[in-house]
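S.K.: What follows is the residue order along each chain.
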Amino acid sequence: MTDKSDPTTTRRGFLKTGLAAGGAMAAGGAANAAGDPLITEVQPWAQELGDGVDATPYGMPIEFESDVVRRNVEWLTADTISSINFTPIHALDGTITPQGCAFERHHSGAIELRKEDYRLMINGLVDTPLIFTYEDLERFPRENHVYFCECAANTGMEWAGAQLNGAQFTHGMIHNMEYTGVSLRTLLEEAGVKPEGKWVYVEGADASSNGRSIPLEKALDDVLVAFKANGEALRKEHGYPVRLVVPGWEGNMWVKWLRRIEVGDQPWESREETSKYTDTLEDGTSRKWTWEMDAKSVVTSPSPQAPITHGKGPLVITGLAWSGRGAITRVDVSVDGGKSWKEARLAAPGQDKAISRFYLDHDWDGSEMLLQSRAIDSTGYVQPTKAQLRDVRGLNSIYHNNCIQTWWVKESGEAENVEVS
Amino acid sequence: MSKYRNLLIGTALASAIAAPALAGNLGLGRPALPEEVAAWDKDVRPDGLGLPEGSGSVEDGEMVFAEVCASCHGDFAEGVDNWPKLAGGMGTLNHEDPLKTVGSYWPYLSTTWDYVNRSMPFGNAQSLSNDEVYAIVAYILYSNDLVEDDFVLSNETFLDVELPNTGGFIVDDRAETELALFSQEPCMVDCKETVEITMRAAVLDVTPETEPQAAAEPAEPAEEVAVAEPAPAQEAPAEEAPVEVAAVDPEMVAAGEKVFKKCKACHQVGDGAKNRTGPHLNGIVNRVIGTGEGFKYSKSMAGMADEGAIWDDEALHAFLENPKKYVSKTKMAFAGLKKEDDRAAIIAYLQSFE
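As they're listed, the protein sequences go chains X and D. 1 is the number of the first residue of the first sequence in this note's numbering; add one for each residue after it. 1 is the number of the first residue of the second sequence in this note's numbering; add one for each residue after it.
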């Protein structure tokens, strides 16, 4: 995490602006003889008036960013109602995912549930089964935390080989938000957990219910009953008005439209923890209860959807890293397919179970690169290669693929998803 | 279910033991009524806890399944299109691309009962009686060759059934098999001598085009796609403007779009709509019944086509109100829209698509 501030940063910023606006401007942003018309001629935006303050009571991204959206891979699922789409991580920076482009995963569609119609039940092995309204939840002591939420199937399509050409599709089943809510522990204590209680079952109000069993130890540790994300109400597609936040654990457990929490002495073995979200090994046996998301990282730019367009010279290599077991402490980047590695710069010290942004300020010589990143977390875990994972798990696993990703960046600056030896 | 509330003796003891954990009780919320708990607590565990009384035979199950499940899961639970296959796949778990079904993979029958009861049929969850759920689950067992055709599943026979893959699961062992292995000091230089590209995504080419509204062909590798140009910043087309159809009220169309969510699981409409479980619905209004191109209709629907019957307002209302009454043996496994307003809205919505 050497903070080597780079004097080219401002120049790069200039370059980028020039490219975006002019497009035709060659390397170095050299002006033509008469000067850049964007500068030498008065532009309409410098002369006329812009929108008034209430033009968009709730602001949307400017039209020029309309390609930075969630996308779906249609052939993955039978329909879009029980399906998933992907966060455009190739086009984002920083660490917080805006709600409007944070991936969605529904099992029976995104429902509309008003706060007034919201009820949360706690029942089972408790002293007093309780019902809370949304207003009740707002009266409990509140907490704020930033956590990533990653679908267990993120990168799952890549198990058998390089398949989808873009960081959005290979790694976009993830988002990272600041949640506001009440700790589940507080609510369970309000109901009084009986000593024989060992598990909680959490379910949603939608038709899928998406029930999951969570060990009581985790439920009393850091699980949050959240109603705000990034400062505003949860979006419909993320469980408005209330969802569960299960830090570091697979996204399927983050039950949306949370309606019931039952305390029991055994797990329930629901559909989502038996037939799905279990990991089949080479001999045909399957791991269950693989809740934690292992440390993982990906270079988001350059990448297939974010090619290099400026030619050789200063290049920002950037990406995301996260771990369900702790904080990211280091990210290494390789430009030669893993022969040698350089420590990247973390934009900020890693936070527990939250996404870290890394940068490698690179002087690109214009030749091919095999770009990789490798995350290391606070437990000392080092993100493995796909070969290492396959040695342990075989080829039939789907979920929890946290392997090192390779982008083949060509001389043209275009990039492709590849596997390397 | 009030299953835990019988533990009265435990209560006094529990509060004593659990006392340290019960910090700061704020007195928020209210006690849940037994009726309320019973209404929501429907989960069933492998040991049968939560299973209600009832029974259903394979024979009954076959009928119910054909009516409410087969349009997605197939008559023999073999699955239609990309919808889940519920039967088959025995012995494939250690093969390439294992087929995971209730019979080959699911460890507990309770999971099937619970899921069918709580979340199926897709688009009409929680509409089945307990006996119907028993019957459907009995039929799924039968379609996996796990019971005979005279089998009756009930709360009493439930625990007698053991699924083949019950012993096929182990608890997460990454702590033993992976964590130490993957926690070694990483190599920084001269980590390997050569690096070769062994596989390329572009060869497979299954990535959706990077265009906001690209309608990719599902499951079919698209033709050579040139390297993803940053998509032209094109306005996302708003809903088809119902300009041509003067009679259509935009508010009704908007209302219809909402109601259409109930139909979306099987029907597509609009740009690039394709036949799925049901035919696409572009141009359906005032067309001859049963003539959507490339869709295999039920015999009864095809018969109406021969008679030249038209999907006019009246016919659509009648069909949408009670599909099976209007077209006996229609493949459409949908209960119907009871509210006239909903039907009118849907029809207005459909009318907005040529």
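Honestly, the hints are just simulated from the structure, not real lab data. No experiment lies behind these values; they were computed from the predicted model shown. A few of these clues could be false.
Claimed, not checked - In silico DSBU-like cross-links for lysine-lysine, where the CA-CA straight-line distance does not exceed 30 Å:
hint, chain 1, residue 1, chain 2, residue 2
1, D, LYS261, X, LYS312
2, X, LYS276, D, LYS331
3, D, LYS299, D, LYS331
4, D, LYS299, D, LYS261
5, D, LYS274, X, LYS236
6, X, LYS276, D, LYS264
S.K.: If you test the structure against every hint from before, which numbers come out violated?
M.R.: Violated hint: only 1; rest satisfied.
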